[in-house]
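There are 2 protein chains.
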Amino acid sequence: METVSKALSHGGVQGVYRHESAATRCPMTFAVYLPPQAADGPVPVLWYLSGLTCTHANVMDKGEYRRAAARHGVAFVAPDTSPRGPGVPDDPDDWKFGCGAGFYLDATEAPYAEHYRMRSYVADELPALVGANFPVDLSRQGILGHSMGGHGALTLALTYPERYRSCSAFAPIVQPSTAGWSAPAFERYLGADRAAWRAHDATALIEDGHRFPEFLVDQGTADSFLDDGLRPHLLKEACARAGIGLTLNLREGYDHSYFFISTFMDDHVAWAAERLRG
Amino acid sequence: METVSKALSHGGVQGVYRHESAATRCPMTFAVYLPPQAADGPVPVLWYLSGLTCTHANVMDKGEYRRAAARHGVAFVAPDTSPRGPGVPDDPDDWKFGCGAGFYLDATEAPYAEHYRMRSYVADELPALVGANFPVDLSRQGILGHSMGGHGALTLALTYPERYRSCSAFAPIVQPSTAGWSAPAFERYLGADRAAWRAHDATALIEDGHRFPEFLVDQGTADSFLDDGLRPHLLKEACARAGIGLTLNLREGYDHSYFFISTFMDDHVAWAAERLRG
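The listed protein sequences derive, respectively, from chains A and B. Going by the working numbering, the letters in the first sequence line up with residues 1 to 278, in that order. Going by the working numbering, the letters in the second sequence line up with residues 279 to 556, in that order.
Bear in mind the hints are in silico, worked out from the structure with no lab data behind them. Check the hints yourself; a few may be wrong.
What follows is a set of in silico ranges between Cβ atoms, one per label pair, in the way DEER data are often shown [to be verified]:
no. : chain 1 : residue 1 : chain 2 : residue 2 : range
1   : B       : P439      : A       : L138      : 43 to 49 Å
2   : B       : A406      : A       : L138      : 55 to 61 Å
3   : A       : E237      : B       : K284      : 30 to 36 Å
Straight-line Cα separation of at most 25 Å, SDA-like style, residue types lysine to any residue; simulated pairs [stated by the list, open to error]:
no. : chain 1 : residue 1 : chain 2 : residue 2
4   : B       : K340      : A       : A7
5   : A       : K62       : B       : R466
6   : A       : K62       : B       : D402
7   : A       : K236      : A       : E207
8   : A       : K62       : B       : V294
9   : B       : K340      : A       : R251
10  : B       : K340      : A       : E207
11  : B       : K340      : A       : A199
12  : B       : K284      : A       : A7
13  : B       : K284      : A       : E207
14  : A       : K96       : B       : W373
15  : B       : K284      : A       : E252
16  : A       : K6        : B       : S502
17  : A       : K62       : B       : A500
18  : B       : K340      : A       : W271
19  : A       : K62       : B       : Q315
20  : A       : K6        : B       : V294
Cβ atoms here follow ideal geometry from the backbone N, Cα and C, with glycine treated the same way.
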């Protein structure tokens, strides 16, 4: 693991690191914020999954999470959203597929199956790497994300409920297998058989019996993707049927951007921190 | 004036606007954050001047000022750092001169004098434009900035003490006429006669009798430009000799980046807000 940069911020250290990933078979870059409390021993860790087109840098630059992470003593890790680089198949004309659009799944279709293994990367490889190199307590992990990363957070929490003590999302894609901006990617990554898609769809996972104690979701009402791609009511209905707790905050006038995310980041970090305590 | 974008954030509105500037004779882009209190009537306005290479966007994305501006009910305006565009003379190989490096002065030398008039733009034209188009109270203006923008804030406050009620800076260039990264630009903008440079140099202005009630300065001790370009002790000595109040916070281990600025932004907005009250 190589250190790309490190800077003091809000009393802790914001670093960027790079390593050769076994899961994605390419170099991967990620950001880790260690709060000041990490100097005294392992701290809980919060995984933040970003949306389409993002890298580790978007939330690091615009997410305004460091103050809350420092206050609550939580590490905050932001991976990239896909494999990248020479040899990684891409579709540069489609921002909803390929580089920047890994959808936090393990692709099974050629030629994507070789590198597009973001589920294994985010759920297994990166926690092991971060656990070995930073003072974090892997028995206290939380996960959150935005848009495609909200989809990632929800599906990972539902798939591995024993690994995460908290899960929240900003404007998540709650049913990617039926949304116009994600279903085509699912077909290319996972093949035409929609049964295989259910393992990567939050509402389908809930229908199929997966459970997580509770979710926090913030959604802007002026989000241009609201009705077409996001559709929080589908998650609300699925959670209600399954008896899963859902705090769904519809935020009047807010859009899909980091201007929205940064406004409510404090709430999400505080909500996670409460569930990650001792 | 044209609206480029608008988004709700921290309860207020973050907008980006563009207009044809009479001062710089080119289109200029700037960012305005209006706090929620602006819905009820004019609010004080804080001008933030950015450092070398920046546009309006750097502090808008990374400055983490919106929460504090919303709490204190202060508008926050970030102009660009220079004229830009076809016809604006530039030196693309030098990040310390030309586009992105206007140094908040009115150039007197050809070919720069035609467009490089950032002092007139920031002190006169932009306040008039913002005052006419947004609910701000121009009798309550404060100014702050970073690095080259810290130089801009200090020199404007010392030149027009009647216009600004507060002035603060992050890692300012306090004596640009003798710093290696600014003196060459001064020579090209203002000519070889160094007497003309004194009007754009904070320590020289103080020596020449200009006064401002008090300054707040934060400076990271791990700032790679500290000893060469910034030299806060020169401001400290000048203020001490002149009886100007200076709160100089040396921040152990912090660098020159927005990771540093965002950490102490709250303090600067609160400090300004206290001096901008009713």
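Now for the hints, and whether the structure bears them out:
Separation of P439 of chain B from L138 of chain A is about 56 Å and departs from the stated range, judged on CB atoms against 43 to 49 Å. A406 of chain B and L138 of chain A have their C-beta atoms about 57 Å apart, which keeps the hinted 55 to 61 Å range intact. Separated by about 33 Å at the C-beta atoms, E237 of chain A and K284 of chain B satisfy the suggested range of 30 to 36 Å. Only pairs whose Cα atoms come within 25 Å are accepted, and K340 of chain B paired with A7 of chain A is accepted, the gap being roughly 14 Å.
The hinted pair formed by K62 of chain A and R466 of chain B fails the criterion: a straight-line CA distance of about 36 Å is larger than 25 Å. Of the pairs offered as hints, the one joining K62 of chain A and D402 of chain B is violated, with about 31 Å between alpha carbons and a cut-off of 25 Å exceeded. Of the pairs offered as hints, the one joining K236 of chain A and E207 of chain A holds, with about 12 Å between alpha carbons and a cut-off of 25 Å not exceeded. Between K62 of chain A and V294 of chain B the CA atoms are separated by roughly 16 Å; this keeps the pair inside 25 Å, and the hint holds.
Proposed proximity of K340 of chain B and R251 of chain A is supported: the alpha carbons are some 23 Å apart, at most 25 Å. Note on K340 of chain B and E207 of chain A: the hinted pairing is violated, with a Cα-Cα distance of about 40 Å set against a maximum of 25 Å. Between K340 of chain B and A199 of chain A the CA atoms are separated by roughly 36 Å; this puts the pair beyond 25 Å, and the hint is violated. With a C-alpha separation of about 31 Å, the suggested pairing of K284 of chain B with A7 of chain A is violated against the 25 Å cut-off.
As the CA atoms of K284 of chain B and E207 of chain A are separated by approximately 39 Å, the hinted pair breaks the 25 Å bound. Restraint check: the Cα-Cα separation between K96 of chain A and W373 of chain B comes to about 35 Å, which exceeds 25 Å; the hinted pair is violated. Between K284 of chain B and E252 of chain A the alpha-carbon distance is near 15 Å, which keeps this suggested pair within the 25 Å criterion. Straight-line distance between C-alpha atoms of K6 of chain A and S502 of chain B comes to about 13 Å, which keeps the hinted pair within the 25 Å bound.
Proximity of K62 of chain A to A500 of chain B is assessed by CA-CA distance (about 23 Å); at most 25 Å being required, the pair is judged to hold. Only pairs whose Cα atoms come within 25 Å are accepted, and K340 of chain B paired with W271 of chain A is accepted, the gap being roughly 24 Å. Taken as a hint, the K62 of chain A and Q315 of chain B pair is honoured in the structure, with Cα atoms around 23 Å apart against an allowance of 25 Å. Only pairs whose Cα atoms come within 25 Å are accepted, and K6 of chain A paired with V294 of chain B is rejected, the gap being roughly 31 Å.
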